[in-house]
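*Asks:* Quick mapping for you: the protein sequence lines, in order, are chains A and B.
Here the first sequence is numbered in the working numbering, starting from -13 and rising by one per residue.
Here the second sequence is numbered in the working numbering, starting from -13 and rising by one per residue.
The hints are simulated quantities; they were obtained by calculation from the structure and are not laboratory data.
Incorrect hints may have been included.
[Unchecked claim] No more than 25 Å apart at the CA atoms, straight line, and that leaves these computed lysine to any residue pairs for SDA-like:
(1) LYS343(B) <-> ASN240(A)
(2) LYS311(A) <-> MET194(B)
(3) LYS343(B) <-> GLY236(A)
Listed here are the chains, written in short residue letters.
There are 2 protein chains.
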Amino acid sequence: MVLGRSRAPDSLLPVTDCSPTDLLALTAELVDHTSVSFEEGPFVDWLEADLRSRAHLTVDRIGDNLVARTQLGRDQRLLLVGHTDTVPVVEAADLVGGTNAIARIEGDTLWGVGSTDMKGGLACFLELARTVAEPAVDLTFVFYAREEVAQVHNGLIELYDERPDLLEGDCAILGEPTDGSIEAGCQGTMRFEVTFAGARAHTARPWMGRNAVHRMAGALTAIAGYEARRPVIDGCEFIESLQAVHVEGGVAGNVVPDRAMLRIHHRYAPDRSVEEAEAWVRSLLADHLEDDDTVEVIDRTLACPPSLDHPLLQRLRDDNDMTVKAKLGWTDVARFAEHGMPATNFGSGDATIAHTKHEHLERASIERTYAALHALVT
Amino acid sequence: MVLGRSRAPDSLLPVTDCSPTDLLALTAELVDHTSVSFEEGPFVDWLEADLRSRAHLTVDRIGDNLVARTQLGRDQRLLLVGHTDTVPVVEAADLVGGTNAIARIEGDTLWGVGSTDMKGGLACFLELARTVAEPAVDLTFVFYAREEVAQVHNGLIELYDERPDLLEGDCAILGEPTDGSIEAGCQGTMRFEVTFAGARAHTARPWMGRNAVHRMAGALTAIAGYEARRPVIDGCEFIESLQAVHVEGGVAGNVVPDRAMLRIHHRYAPDRSVEEAEAWVRSLLADHLEDDDTVEVIDRTLACPPSLDHPLLQRLRDDNDMTVKAKLGWTDVARFAEHGMPATNFGSGDATIAHTKHEHLERASIERTYAALHALVT
């Protein structure tokens, strides 16, 4: 059931110069195709049938990932990339209808899970795939599964493993919610597990032991006192971060603890390699560690440079007088960078309300996004 | 089954001037009466029958606690106090017979659970109860249950609640393992739970939040840098301690944590009241806390002064040219101090091997202990 789907008669007129379609209503239709991670199948079936009905597209399906391409022999090929899954549905009494699984339009706002992250982006891509049969550059639409869960499940990895040829091209735009502005590149991430060693003793005789929790004080002071590095790349200011995200230690109420563990999350800007970033964190910690402590990298991801000097991304920015800032978080653009392809984040919706039960999308945001993409490819 | 219980013929002779009994063999007999906390009943039944058979003793049983008194109208009454329970039995392949529940004498060493803590002490008291019918001071033997478990179960509390008259007297000796020297009084203890407040944020934008784990750095530095106060009371040097014994915090790998918790254990010397000790810790922490942090005292116990100026304790020390030191841990002597009675720790066995699977008792230790007690009461 879609509540409030219909618009007032005057707003049935196309609201942008480039699309006769009500993009908010199209997004609502996509929201109603519930597609929580690992359960994207039926939604992907529906998308696949739609895309296969378009004669100008070649469609491939790999698992629950869908790739639709124009084959016009253009000089350039642009990838328009979006994930089909959403975070879990929320059932709550303070939601209209008791759930955010049902799309609801109120005025120029669409409510529902995934409206921002990222069925608005998908609606833009789907509309381009349906209506722009002869784009100025060849287009590859990539709809991939399982982005909102552990990276090991990510559909882009599956595609790169099984059919890397489908992802060839010159440049990629990832439809993550950026509210119609460019959030260029992304920072890399790295998590460390630091284990501080000690020796157990009875708390009545602490000098017989070595308190591993006390030993964290120096490293915590260094981390808390860290001032963020802020490199500017292609005019975008990145802001690195270093945060203790987990701490644990302790044996019993009267025992000097012999082990304490600190997990640290580091985001680094794309002017550093992953190795440089790791070496920097290790050097910061070194003064506060002793020989029997350990520092282990439990995961790390690559950064992605802004690449705003690529002709297509440059046009996206310049033709729309667009706000450009650095993406401080990590997104799948880094997977394209890893394969040597310039990529940026550009989509509709406000990222700060993504993953909340009151997720919603404004008409102005999606129409601005669509207009810029349409101009870029026509 | 008691392995190796019998002694070589020459050692059947009394080894002290004051006891014809083989005290190590008597302790072995008590070890064989297994009495893990909450399961002391059968052992207490056996003790009760033995004590009731002695015409010079008045015996009262309250639950699984046993009190046996002489009623000679002496000027002074000395309490000889021991707990009947032990920590759990250990079954392990590297133990002779596969368990430490079975007493085993090898030469002058007795192996078995509770041999040190504190069936050696009980053996001394039982031997005095059996053999000294006309002591120089009236004696109250207190055998109490459930010392090795949470304090709420402690048999002394039950006795003080139900029959405080049975615990009246001038002075108490608690048979905790001190290897035949005096460990005077005891330090009080106190545990604090300190909660550091913060505000969640995405680690890509940590300036939107407040990292509660980082905020612990100051308090941890202060605690780690604390130099122990060492007051000397009645010639005994107490050494206080302040130890972080538990730490926890963290929400998720990419979230600035909004809460961190530190548990702190403090032992304070008996020249401070419990209120003074608490105020001191709070003042040490105060510089490192903010308004929305909390400091909660989760438990606290009283200290016990050495009381070595009490005539009986003074005699115990002086007549035996005895080593005297402060008890840095906490023991049930504090319960007597709380009720205004001087008390000290004095028993056989090495406390550092109590509660280990290889717990054992040396003959010299129990014989030295018994000789001093015997001299004191005769």
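*Asks:* Would you mind confirming whether the straight-line C-alpha gap from LYS311(A) to MET194(B) stays at or under 25 Å?
*Replies:* holds (17 Å)
*Asks:* Does the structure keep LYS343(B) and ASN240(A) at a Cα separation of 25 Å or less?
*Replies:* Judged against 25 Å, a Cα distance of about 19 Å means the pair holds.
*Asks:* Quickly compare the C-alpha distance for LYS343(B) and GLY236(A) to 25 Å and report which way the hint goes.
*Replies:* holds (23 Å)
Every hint from the earlier list agrees with this structure, and none is contradicted.
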